[in-house]
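Enquirer: The primary structure of each chain is shown beneath.
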Amino acid sequence: MKKVISLVMVMAMVMCLMAGCGSTTETADPTEAPAETEAETDTTADTASEGGSFYIGGIGPITGDNAIYGMAVMNGAQIAVDEINAAGGINGYPIEYKFEDDVADGETAVNAYNNLMDWGMQVLVGPVTTGSAISVSAKVYEERVFALTPSASSPDVTAGKDNMFQLCFTDPNQGSGAAVYMGANMADSKVAVIYRNDDAYSQGIRDTFVAEAANQNLEVVYEGTFTEDTATDFSVQLTAAQAAGADVVFLPIYYQPASVILAQANAMGYTPTFFGVDGMDGILTLEGFDTSLAEGVMVLTPFSADAQDELTKTFVAEYNERFGETPNQFAADGYDCVYAIKQAMENAGCTPDMSAEEICNAMVEQFTSMSFSGLTGTDMTWSTAGEVSKMPVAVVIENGVYVSAQ
Amino acid sequence: MKLKSRKLKKTTVIDFATYIGVVLAFIIMNTLKNQGMLTRSLTGQLIPICCYIVMAVSLNLTVGILGELSLGHAGFMSVGAFSGVVAAMSLQTVIPSEPLRLAIALVVGAIFAAIAGTLVGIPVLRLRGDYLAIVTLAFGEIIKELINCLIIGVDETGLHIVFNATGTKSVNDLGLSEAGRVLIKGAQGATGTQTIASFTAGFILIMISLVVILNLVRSRSGRAIMALRDNRIAAESVGINVTKYKLMAFVTSAALAGAAGALYGLNFSNLVATKFDFNTSILVLVFVVLGGLGNIWGSIIAATVLTILPEALRGFDDYRMLIYAIVLILVMLATNNPQMKTLFAKLIPVRRGEKVNG
Amino acid sequence: MEFLSYLISGISLGSVYAIIALGYTMVYGIAKMLNFAHGDVIMVGGYISLLSMTSLGLPWWLAVILAMVVCTVLGVVIEGLAYKPLRAAPSLAVLITAIGVSYFLQNAALLLWGASPKAYTPIIAGSVKLFEGQLSISYVSMLTVFMCIVIMIALTLFTGKTRMGKAMRACSEDKSAAQLMGINVNRTISMTFAIGSALAAIAGVLLCSSYTSLMPTTGSMPGIKAFTAAVFGGIGSIPGALLGGVLLGIIESLAKAYISTQLANSIVFAVLIITLLVRPAGLLGKYVPEKV
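Chains as they are written, first to last, in my numbering: chain A, 1 to 406; chain B, 1 to 358; chain C, 1 to 292.
Quick caveat, the hints were computed from the structure, so don't treat them as lab data. It should be emphasised that the depicted structure is a prediction, and the values quoted were computed from it without experimental measurement. Glycine included, C-beta positions come from ideal geometry on N, C-alpha and C. Some hints could be false.
Stated by the list, open to error - Taking lysine-lysine and the DSS-like style, the derived pairs with C-alpha atoms no more than 27 Å apart in a straight line are:
hint, chain 1, residue 1, chain 2, residue 2
1, B, Lys341, C, Lys32
2, A, Lys190, B, Lys169
3, B, Lys341, C, Lys84
Said to hold, decoys possible - To be clear about the criterion: a stretch of chain B counts as covered by chain A if any three or more of its residues have a C-beta under 8 Å from a C-beta of chain A, and this derived list gives those stretches:
hint, stretch
4, 43-51
5, 138-152
6, 169-179
7, 191-198
8, 265-271
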């Protein structure tokens with residue numbers, strides 16, 4: 001009896017909800033001007049009247065543990081889309097942009113992708129996290145949709161798929177880059193590595209770093225790991241690193257646990273040189289973080305919110321005004337993705353009436369031949385494998401700002 | 001005796017209605033899919049839904065029929081998923097037929113999960129109530145961490161397995177030959193899996209689980225299991241072997257979860273161990289409780305609806321999961337609070353006397 | 001020397017688990033429900049204290065009191081809206097509702113305070129150096145251990161000596177008998193939630209002070225760990241929660257240091273399983289044989 005009621009209840013609720021959101025999600029026909037998508041894109045509705053618009057989708061976590069990365073990409077790309085639309089769009093056609101949540105989970109990412117395909121997506125910016133990106137990359141490859149991920153850095157993301165491209169450094173690139181840099185500038189130092197072993201990004205960089213360190217006369221004296229579940233306390237790893245006599249601690253991890261490591265190391269009076277990779281970017285803008293703790297930390301990063309060039313300054317100011325915070329590297333990656341796609345589409349002369357597959361083929365051709373300059377690097381080029389080539393820049397934190405390391 | 005054969009038992013009627021319902025649902029969905037009348041979003045969810053249905057139905061055996069709260073069901077799914085993926089991928093060259101490979105993967109997944117179920121079940125089932133719940137939770141977490149340390153590759157000499165307990169080993173320690181492929185890379189999980197899962201296989205798996213569970217429940221063993229749930233001491237006093245029947249239910253449940261895991265694993269090109277954490281176990285438990293303890297078709301419907309729900313809520317953007325939480329709380333209140341129940345009973349007239357089992 | 005330092009970090013971590021576990025154990029003992037939303041109340045406590053220190057500029061003690069007040073109110077509201085209507089329902093239904101509340105709090109926090117982690121300024125900074133600087137103990141660790149002991153003593157006295165405390169014990173023994181004796185069971189349970197949530201606020205402040213980062217999902221893992229600690233020590237028992245929490249912290253810390261950082265959690269859980277097999281009701285729990 002009560003089961004019957006419960007089931008009827010659930011069904012009724014779902015029906016209501018489906019009916020409720022049906023109007024927003026089922027604007028599948030790209031030739032219609034969807035009136036009810038993102039509020040921010042409403043400005044584009046006026047210009048969309050003649051000949052339709054490009055449908056660009058995004059996938060990333062905007063809820064759950066990794067929400068910060070997805071949010072940053074979503075917002076960064078949104079700024080780029082609005083700028084492009086205000087300036088007359090791509091080849092005269094505006095962009096329709098829609099971002100879907102994947103909670104950094106492969107299954108949900110595929111659902112989000114299918115949802116975007118129902119919407120009429122032609123080009124994908126994303127997915128943001130590595131695991132999701134690998135799951136979705138198999139789908140985009142099968143269905144010939146061009147995808148450019150802003151931040152999924154594992155080589156597995158692009159391996160064997162000609163139409164999946166990366167805008168960020170790959171993990172091996174960063175790991176060996178960091179080892180080469182250390183070998184050249186801090187030769188013979190004893191290195192401790194603390195990484196998160198249930199995270200593909202962190203483990204990927206660690207593997208290549210350790211492999212390359214052997215060639216660079218670096219001695220890895222200690223390796224400590226943590227998992228999502230034990231990320232609350234690093235005193236054990238830090239004590240062991242100190243006891244092993246490490247004078248450089250390599251942290252191929254995101255900035256949130258890194259901030260805890262810096263604070264705990266400071267509390268125990270351990271002062272090695274900390275060396276981070278692009279995930280470390282954002283530590284200076286972490287709300288409430290005492291930047292003096294990060295003094296002397298070295299970071300390999302493609303983007304710095306403090307850079308003085310015009311492009312970065314405008315972007316940072318715009319982001320600050322709209323979202324109330326300083327953009328991190330992910331936001332910059334999202335922004336660059338949209339502009340890279342714009343450049344490729346303009347070079348290829350794409351029009352909105354082309355199918356996703358036609359656009360895909362044109363884009364693959366462009367991406368492997370063009371060179372792009374944006375917030376996160378100048379003269380980036382892409383290999384046919386989909387990997388970007390840009391050099392990581394080492395910066396050191398002095399007085400709370402990035403300073404070039406050399 | 002003659003009377004019985006003429007008038008079918010009520011439970012038999014419900015069982016057959018469940019089978020027929022599932023078959024009809026499959027036929028309808030498959031036709032719609034082939035006609036291209038389903039949205040892609042729904043088509044993409046068909047196989048995960050099948051997996052979650054099998055998960056819910058199998059957990060219902062432990063929680064609803066055996067009456068023991070398990071918070072680590074996702075652990076068995078994980079064991080099944082990874083062993084299934086390894087089996088399917090390593091047999092890629094030997095067995096070209098995809099359906100056959102998928103079937104083998106499901107069986108391998110079920111066997112490994114059953115072994116894990118036995119290992120977990122023997123110590124665990126001695127405990128009771130919330131203590132048993134916490135130990136199943138603990139086993140789920142342990143399985144997750146162990147799989148996180150596994151690095152497995154395959155080449156012409158066979159499988160290579162490295163257990164990376166200290167965090168210093170990597171793919172290079174496998175010693176693979178040139179032709180070798182890495183199947184599971186520790187935290188990066190199984191990447192580059194060939195996605196051979198199909199909706200038909202999902203449907204067959206659901207049917208098999210239904211046959212297994214419904215026959216078990218209606219058999220002598222099933223009655224013994226339910227007797228243990230209702231009154232353990234009384235059941236023991238009439239000579240029912242507690243450990244045997246508890247283990248029987250627990251291991252069956254684990255094996256089905258393993259098969260569901262293998263199907264799930266072969267539906268996505270990437271699979272990480274952290275996917276099968278405590279939250280996934282809880283998710284499946286929610287299906288079971290919402291569908292009704294011991295109520296098999298309730299589990300099926302709850303699993304379907306609650307898998308679609310977060311997707312259906314996409315229109316709400318940021319508020320999606322908040323609304324999901326509110327719906328969950330409201331449904332639990334509506335179905336379990338006496339005042340609200342009478343209120344809804346008045347609003348929705350349901351035929352009396354149609355009381356279902358459980 | 002390193003061993004001592006590992007031990008101290010274990011005790012400090014364990015004390016945080018213990019304070020959370022005390023809240024769990026109180027609620028379990030009386031309401032017989034696993035309150036999975038407890039970890040998220042801790043997160044709310046962390047946010048409230050942080051915001052009142054940074055945005056309102058309050059001194060830390062006032063921030064802690066404010067966090068306690070807000071969490072207490074939150075705890076009572078959650079209990080009244082979500083758990084009270086289910087008093088007669090099966091325990092699984094309440095468990096699922098608690099999980100729903102947990103999702104709700106996490107996502108509400110995500111919308112209110114954003115996804116980006118916030119750095120938490122410890123309420124006390126600095127550390128004592130011993131043995132010529134080879135061993136350092138932070139003031140936060142000392143405060144955590146101290147608070148943990150104070151809270152345990154206070155709770156033991158409260159449940160042992162006061163009228164309300166006795167009513168709570170009566171309810172946990174037998175609800176209907178307690179009701180017959182004129183105890184307002186509903187009010188007693190609400191009171192338990194109020195105390196448990198106030199403890200959660202303190203735990204939130206201490207947790208965030210030693211783990212200087214705060215985000216909407218901060219509470220969930222410590223919540224599960226504390227639940228494990230409570231079961232380890234014998235759920236329902238106040239000294240058991242303390243013992244369970246501290247032991248769990250020490251095992252985790254030593255396992256990380258000497259066995260494997262990868263498998264630290266697994267080792268903790270394995271110890272739990274073995275303990276429960278030997279003592280099915282936890283270290284200090286009372287084993288009640290079933291009667292026919």
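Enquirer: Okay, which hints does this one fail, numbers in order?
Expert: none
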